[in-house]
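J.: Quick note: the sequence shown uses the UniProt record's numbering, first residue 1, plus one each step.
Errors might be hidden in some of the hints.
Said to hold, decoys possible - Straight-line Cα separation of at most 30 Å, DSSO-like style, residue types lysine-lysine; simulated pairs:
(1) 429 <-> 368
(2) 88 <-> 365
(3) 10 <-> 31
(4) 90 <-> 429
(5) 149 <-> 277
(6) 116 <-> 150
(7) 277 <-> 145
(8) 429 <-> 116
(9) 365 <-> 129
(10) 97 <-> 320
As the list claims (entries may be wrong) - Beta-carbon label-pair distances, calculated as ranges:
(11) 117 <-> 315: 54 to 60 Å
(12) 314 <-> 21: 55 to 61 Å
(13) 228 <-> 319: 26 to 32 Å
(14) 369 <-> 319: 48 to 54 Å
(15) 2 <-> 399: 53 to 59 Å
(16) 350 <-> 430: 14 to 20 Å
(17) 87 <-> 117: 29 to 35 Å
(18) 375 <-> 58: 40 to 46 Å
(19) 180 <-> 3: 24 to 30 Å
No lab work stands behind these hints: they were computed from the structure.
Note that CB positions come from ideal geometry on N, CA and C, so glycine has one too.
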Amino acid sequence: MDEVTLEMIKLLKTRTDIAKEIGEVKKNIGKGVTDEVREDNLRGKVISLCNEIGLDETIATKFFNFLLNESVKVQSNNKQTHLSIFLKAKSMEQQGKKIIHMEVGEPDFLPPVIVKNALEEVFDKGFLKYGQARGMPIFRDALAKYVSKKFNANITEDNIIVSPGARFSIFTAITTLLNPGDEIIVIEPAWPAYKDCALNAGIKVRTINTTLEEKWEPSLEQIKNTINSNTKMIVLNYPNNPTGKILSEKLQDKIVELARQNDLYVLSDEIYSQYAKTSWKSILSYSYKKSIVTQSFSKSHAMTGFRIGYAIADTEIIEKMAKLEALCLTNVSEPIQYIAMKALEADTTNNSNTVQNRLDMLSEKASKMGLDFVVPDGAMYIFARINQEGFDGVQFANSTLEKGLAIAPGEGFGNYKNFIRISACQDEKTLIEGMNILGNIMSEEQ
Numbered sequence: 001m002d003e004v005t006l007e008m009i010k011l012l013k014t015r016t017d018i019a020k021e022i023g024e025v026k027k028n029i030g031k032g033v034t035d036e037v038r039e040d041n042l043r044g045k046v047i048s049l050c051n052e053i054g055l056d057e058t059i060a061t062k063f064f065n066f067l068l069n070e071s072v073k074v075q076s077n078n079k080q081t082h083l084s085i086f087l088k089a090k091s092m093e094q095q096g097k098k099i100i101h102m103e104v105g106e107p108d109f110l111p112p113v114i115v116k117n118a119l120e121e122v123f124d125k126g127f128l129k130y131g132q133a134r135g136m137p138i139f140r141d142a143l144a145k146y147v148s149k150k151f152n153a154n155i156t157e158d159n160i161i162v163s164p165g166a167r168f169s170i171f172t173a174i175t176t177l178l179n180p181g182d183e184i185i186v187i188e189p190a191w192p193a194y195k196d197c198a199l200n201a202g203i204k205v206r207t208i209n210t211t212l213e214e215k216w217e218p219s220l221e222q223i224k225n226t227i228n229s230n231t232k233m234i235v236l237n238y239p240n241n242p243t244g245k246i247l248s249e250k251l252q253d254k255i256v257e258l259a260r261q262n263d264l265y266v267l268s269d270e271i272y273s274q275y276a277k278t279s280w281k282s283i284l285s286y287s288y289k290k291s292i293v294t295q296s297f298s299k300s301h302a303m304t305g306f307r308i309g310y311a312i313a314d315t316e317i318i319e320k321m322a323k324l325e326a327l328c329l330t331n332v333s334e335p336i337q338y339i340a341m342k343a344l345e346a347d348t349t350n351n352s353n354t355v356q357n358r359l360d361m362l363s364e365k366a367s368k369m370g371l372d373f374v375v376p377d378g379a380m381y382i383f384a385r386i387n388q389e390g391f392d393g394v395q396f397a398n399s400t401l402e403k404g405l406a407i408a409p410g411e412g413f414g415n416y417k418n419f420i421r422i423s424a425c426q427d428e429k430t431l432i433e434g435m436n437i438l439g440n441i442m443s444e445e446q
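Required output: the full structure, derived from the provided sequences and hints.
T.: Pasting the structure below:
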C-alpha cells in the first residue's frame, strides 16, 4: 500500500509538471485554460477503464476531477480579470494619474440619504454587539418582508442569511453544499467568482459556453449532456454579468425542471435584478427546495463599500451556510446590518433609470464605433467583441489603461479573449469621454 501511494505521488508530480508546460503553450497561442472537448474524451476513457477493471466509476471520476482541478490551478496563475485591471488602475491613481473607471460595476452615485441618517443614529440605537451568524432577527425579518413583496414569494426570516456581500454567500453555498470531486455547471461568460470559489473547494467546474451569434443563449441539450452522477449544482446569473442577458421564461423553466429531475442545487445570483430592462423571473418563484438566491445592496443601493448582501434558501441550507459563516466571521457587523435595514425603506427606482439611460447611450456609441455586441437586456455592462486580427483583450485593456481608461478584458469571464466588458457606472459625460478614448485607440490599432 505504501509503495503504491508513493508511486501515485510521483506520477502526480509528473502530471503537474506537464500541466505547467501545457499552460505556457496555451498562453502563448492564446488558448483558454479549460478544454471541455478534450476533458470529455479523457473522461470517457476513464469510465471505460473503470468498466474494464471493475473500479467504482464515481470514485474514479472524483479523482479524475481532482487531477483536472490541479491542472487548472497551475495554468491559471497569470489570468487577468476586471479586478486585476481595477487594482492596477487604483495604483496608477495613487501616483497621480487620472483614470476613467469603466472596468468594474461600482455605481458612481451615492447610497440613499436614509443611509447617511442611519450612520448617525446607529450608535444611539445600540446595534453594536456580537450577534447571530445568520444576521440580526429584526433585519432578517425586514428582508423577508421585502423579498416576499418584491418577488411574490413566501419567505420568512429563517430562509435568510446575511453575509458580507453576495460573494460570501456564493462562497458558503458552494463550500458547504458540495464536496471535493463534485461537479458544478457554470454558464459562460460568467463572473469569475463562481469558478474561483469552486476551484478553492476542490469542486470541478463544467462550463457551458454561449456565443454572441446565439445571443448568449445556453443550449438545454448541452446542459443535459453535461450532467452526470457527480453533478450537484448549476449556477444561474440573470441578468447576466457581463452580457446583460436575461433568459426567456420558457428556457429558464426548462433549466429549473432539469435541475429538479436531477436533484441539483440551483445557485441563482440575482444581484442585477433591479436593473432588468426586459421581462425577468426570479428563481424564488419556482419554490424549489434546492435553490439558493443571492442578493446584495452593492448595485441596487450603491453600497459597494458597506459589504452587505444576503442569501435566500431552505432553512436546512441556511443552517449549513450559517455554520461556516460563524466559523469565518462570527457575524456581519451589526451597525452595517442596521444601516442596510434602513436602506430597504428607500426608493431606488431612480438608480435603475439612471443606469438604463447610460446603458442605452453606451450601446448607441458602441454601435457607431463598430463594436460587435448584443444589446443587453439588463445589468450594467456591454460585452463587446473587437473584430481585429490577433486581438487580445488583456493586452488591449493594459494599453487603454496607459491612456487613462480602465476596461475589463473578456478572458476574465471565460474563453473570450477577443472581448471587452464596458461598465455603465459613471456619469454620462465621463462615459462619453471614455468611449472617445476607446474609439481613438481602436483607430490607431487598425
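J.: Decide, hint by hint, whether the structure agrees.
T.: To see whether the hints hold, each was checked on the structure:
no.: 1; hint: 429 <-> 368; result: holds, 17 Å
no.: 2; hint: 88 <-> 365; result: holds, 26 Å
no.: 3; hint: 10 <-> 31; result: holds, 28 Å
no.: 4; hint: 90 <-> 429; result: holds, 21 Å
no.: 5; hint: 149 <-> 277; result: holds, 20 Å
no.: 6; hint: 116 <-> 150; result: holds, 24 Å
no.: 7; hint: 277 <-> 145; result: holds, 24 Å
no.: 8; hint: 429 <-> 116; result: holds, 27 Å
no.: 9; hint: 365 <-> 129; result: violated, 50 Å
no.: 10; hint: 97 <-> 320; result: violated, 46 Å
no.: 11; hint: 117 <-> 315: 54 to 60 Å; result: violated, 34 Å
no.: 12; hint: 314 <-> 21: 55 to 61 Å; result: violated, 46 Å
no.: 13; hint: 228 <-> 319: 26 to 32 Å; result: holds, 28 Å
no.: 14; hint: 369 <-> 319: 48 to 54 Å; result: holds, 51 Å
no.: 15; hint: 2 <-> 399: 53 to 59 Å; result: holds, 55 Å
no.: 16; hint: 350 <-> 430: 14 to 20 Å; result: holds, 18 Å
no.: 17; hint: 87 <-> 117: 29 to 35 Å; result: holds, 33 Å
no.: 18; hint: 375 <-> 58: 40 to 46 Å; result: holds, 44 Å
no.: 19; hint: 180 <-> 3: 24 to 30 Å; result: holds, 25 Å
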